[in-house]
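Visitor: Top line first, the protein sequences correspond to chains A and B. Note that our numbering has the first sequence beginning at 1, numbered continuously upward. Note that our numbering has the second sequence beginning at 1, numbered continuously upward.
Treat each hint with caution, since some may be false.
Said to hold, decoys possible - Here are the simulated lysine to aspartate or glutamate pairs, EDC-like style, with alpha carbons at most 16 Å apart: (1) 47/B / 62/A; (2) 47/B / 107/A; (3) 44/B / 62/B; (4) 47/B / 1/A; (5) 47/B / 79/B; (6) 55/B / 1/A; (7) 44/B / 73/A.
What the hints assert, rightly or not - Simulated restraints, written as ranges between beta carbons of each label pair: (8) 119/A / 76/B: 31 to 37 Å; (9) 5/B / 41/A: 18 to 24 Å; (10) 87/A / 59/B: 34 to 40 Å; (11) 19/A / 21/B: 27 to 33 Å; (12) 89/A / 43/B: 20 to 26 Å; (13) 89/A / 31/B: 41 to 47 Å; (14) 107/B / 58/A: 30 to 36 Å.
Keep in mind that the hints were calculated from the coordinates and are not lab data. Since the model is a prediction, treat every value here as computed from it, not as a measurement. Where is the CB? At the ideal position from N, CA and C, for every residue including glycine.
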Amino acid sequence: EVQVLESGGGLVQPGGSLRLSCAASGFTFSSCAMTWVRQAPGKGLEWVSGVSSSGGGTYYADSVKGRFTISRDNSKNTLYLQMNSLRAEDTAIYYCAKFLWSGRTFDYWGQGTLVTVSS
Amino acid sequence: QSALTQPPSASGSPGQSVTISCTGTSSDVGGYNYVSWYQQHPGKAPKLMIYEVTKRPSGVPDRFSGSKSGNTASLTVSELQAEDEADYYCSSYAGSNTLGVFGGGTKLTVL
C-alpha cells in the first residue's frame, strides 16, 4: 500500500524558516517524481514544488521560487521542503504527493502538515 | 501560472448526473491531454479520480468520467450518491517547469 506521511509543520514567525519532511513507503521511491501541494485555510489547491526521481530536476511555483528548496534522500525514502523567508500567505496545509510522470498527475497524497506563519 | 476556472458550486439529486467544467488556456488544458480531477472530502486529503482526461485509477467507480474540448475539460458524475458530496478540483500539466496548475474547486452538493 502506497503511503506518504508528512511532518515538520508548526507555527513560525514571518521571515522564519521551517523544514518539512515526507516519509514514503509502499512503492519504489527512487523511481518516482515527488511534489508538494499546499492548501490555504478554506481555499483551493496550489502546486508548490516538484523533484525528479533522481533529484537532479527541481521545479517551483513562482510564488515560492527563491525561498523554498525541494530535495530528496532516496536512501531514506524521504522528501523534504526547506522553507525560508516565510510570509503570512504561506500559511497552509502542505501535502506531499507522488507524481505519476507518465500521466502528469498527483496520484497519491499524504494527510498533510499545517504550517502557520504568524507573529 | 494562472489558476484554471471552475464554477464554485454544483448540485444534483441522488440518481441524477452533474457535470463540472474546468477552463484553462492553450498553454495548459488545451495544450496537453494531461487533465486530472481530484475529490476532497472535508478535512481529508485529495483523492485522484480521473487522469489523462478520461482515465480512472483502479477503484474509482465508472460513474465518474472525464472529457475535454478545446481549452475546457469536464467531469461528469452519473447516478449521484450521497457520498459524492465533496469538493472537486481539476488540474492540468502546463509545461516542463510547471508540473501542475489547479482550478479553484467546485463544491458538489447532493440534494
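Visitor: Against each hint, give a clear statement of whether it holds in the structure.
Guide: Status of the hints after comparison with the structure:
no., hint, in the structure
1, 47/B / 62/A, "violated (25 Å)"
2, 47/B / 107/A, "holds (8 Å)"
3, 44/B / 62/B, "violated (22 Å)"
4, 47/B / 1/A, "holds (15 Å)"
5, 47/B / 79/B, "violated (20 Å)"
6, 55/B / 1/A, "violated (21 Å)"
7, 44/B / 73/A, "violated (27 Å)"
8, 119/A / 76/B: 31 to 37 Å, "violated (46 Å)"
9, 5/B / 41/A: 18 to 24 Å, "holds (22 Å)"
10, 87/A / 59/B: 34 to 40 Å, "holds (38 Å)"
11, 19/A / 21/B: 27 to 33 Å, "violated (39 Å)"
12, 89/A / 43/B: 20 to 26 Å, "holds (22 Å)"
13, 89/A / 31/B: 41 to 47 Å, "violated (29 Å)"
14, 107/B / 58/A: 30 to 36 Å, "holds (34 Å)"
Going down the numbered hints, you'll see the structure goes against 1, 3, 5, 6, 7, 8, 11, 13, while the others check out.
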